[in-house]
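Here is how the chains run, residue by residue.
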Amino acid sequence: AQTVTQSQPEMSVQEAETVTLSCTYDTSESDYYLFWYKQPPSRQMILVIRQEAYKQQNATENRFSVNFQKAAKSFSLKISDSQLGDAAMYFCAYRSMDSNYQLIWGAGTKLIIKP
Amino acid sequence: DAGVIQSPRHEVTEMGQEVTLRCKPISGHNSLFWYRQTMMRGLELLIYFNNNVPIDDSGMPEDRFSAKMPNASFSTLKIQPSEPRDSAVYFCASSLFVGPLYNEQFFGPGTRLTVL
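Sequence order for the protein chains is A and L. For what it's worth, my numbering labels the leading residue of the first sequence as 3, then goes sequentially. For what it's worth, my numbering labels the leading residue of the second sequence as 217, then goes sequentially.
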């Protein structure tokens with residue numbers, strides 16, 4: 003069975019600085035999707051970025067980028083120029099190509115932005 | 217465009233009472249998910265509907281939980297009787313399933329349930 007591990011329960015960063023959130027996963031599959039979701043205090047889960055395992059190029063969405071290391075089964079999220087609005091819980095998630103719906107979730111990392 | 221709508225946003229009830237949570241998916245979406253989020257267990261998928269039919273209900277904790285989707289624009293999650301351990305945030309999500317490839321799940325704002 004696949005598992006997703008986020009080893010940092012909490013991270014803090016100074017506003018305008020860069021922070022990296024870690025995620026590792028375990029799978030025997032070669033094709034899959036990886037996601038980072040953001041959950042702000044409003045509770046709503048928002049998709050930040052996704053990565054297809056068959057793509058070697060790291061996904062980027064504005065200030066958010068990932069470092070996808072397939073061999074190491076690592077999928078970290080880098081937030082550049084951190085803003086107060088980035089404060090939230092961040093969840094890493096995995097989805098097998100064999101499933102069109104089942105997401106395997108990490109435990110989450112709480113990101114604190116210091117003004 | 218309205219996102220996934222859930223009601224109520226907050227529910228406080230007493231043990232033994234019936235609780236009904238409601239969800240309106242995004243118009244045009246054909247897949248609907250109910251999740252439960254707790255500190256101890258994280259985010260858990262309770263049930264998945266596709267075209268109003270329950271496909272996977274293996275995450276439903278026990279017979280006290282039931283979910284229905286009478287039409288494409290409405291779903292309910294019912295807990296009867298409720299217990300304090302059911303206290304959690306319940307999320308509804310929807311997506312447009314067009315095949316085996318990626319289809320994003322859009323989440324509602326959640327219902328925070330407290331059972332006293």
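Calculated from the structure, these hints are not laboratory results. Be careful, since some hints might not be right.
[Unchecked claim] Pair by pair, the computed Cβ-Cβ distance ranges are:
1) A:Lys-75 / L:Gly-258: 30 to 38 Å
2) L:Glu-230 / A:Ala-74: 44 to 52 Å
3) L:Asn-268 / A:Ala-18: 44 to 52 Å
4) L:Ile-271 / A:Gln-16: 12 to 20 Å
5) A:Pro-117 / L:Phe-313: 41 to 49 Å
6) A:Glu-17 / L:Ala-288: 24 to 32 Å
Just so we're clear, the structure is a prediction, and the values are computed from it rather than from any experiment. All C-beta atoms in this analysis are idealised placements derived from N, C-alpha and C, irrespective of residue type, glycine included.
Now the hints, each set against the structure:
For the hinted restraint 30 to 38 Å between A:Lys-75 and L:Gly-258, the CB-CB distance of approximately 20 Å leaves it violated. L:Glu-230 and A:Ala-74 have their C-beta atoms about 50 Å apart, which keeps the hinted 44 to 52 Å range intact. Checking the proposed 44 to 52 Å range against L:Asn-268 and A:Ala-18 shows it holds: the Cβ atoms sit about 48 Å from each other. Evaluation of the 12 to 20 Å hint for L:Ile-271 and A:Gln-16 yields a failure: the beta carbon distance comes to about 46 Å.
In this structure the hint that A:Pro-117 and L:Phe-313 lie 41 to 49 Å apart at CB holds, the actual value being about 42 Å. Evaluation of the 24 to 32 Å hint for A:Glu-17 and L:Ala-288 yields a failure: the beta carbon distance comes to about 44 Å.
In the structure shown, a violation is registered for the earlier hints numbered 1, 4 and 6, in ascending order.
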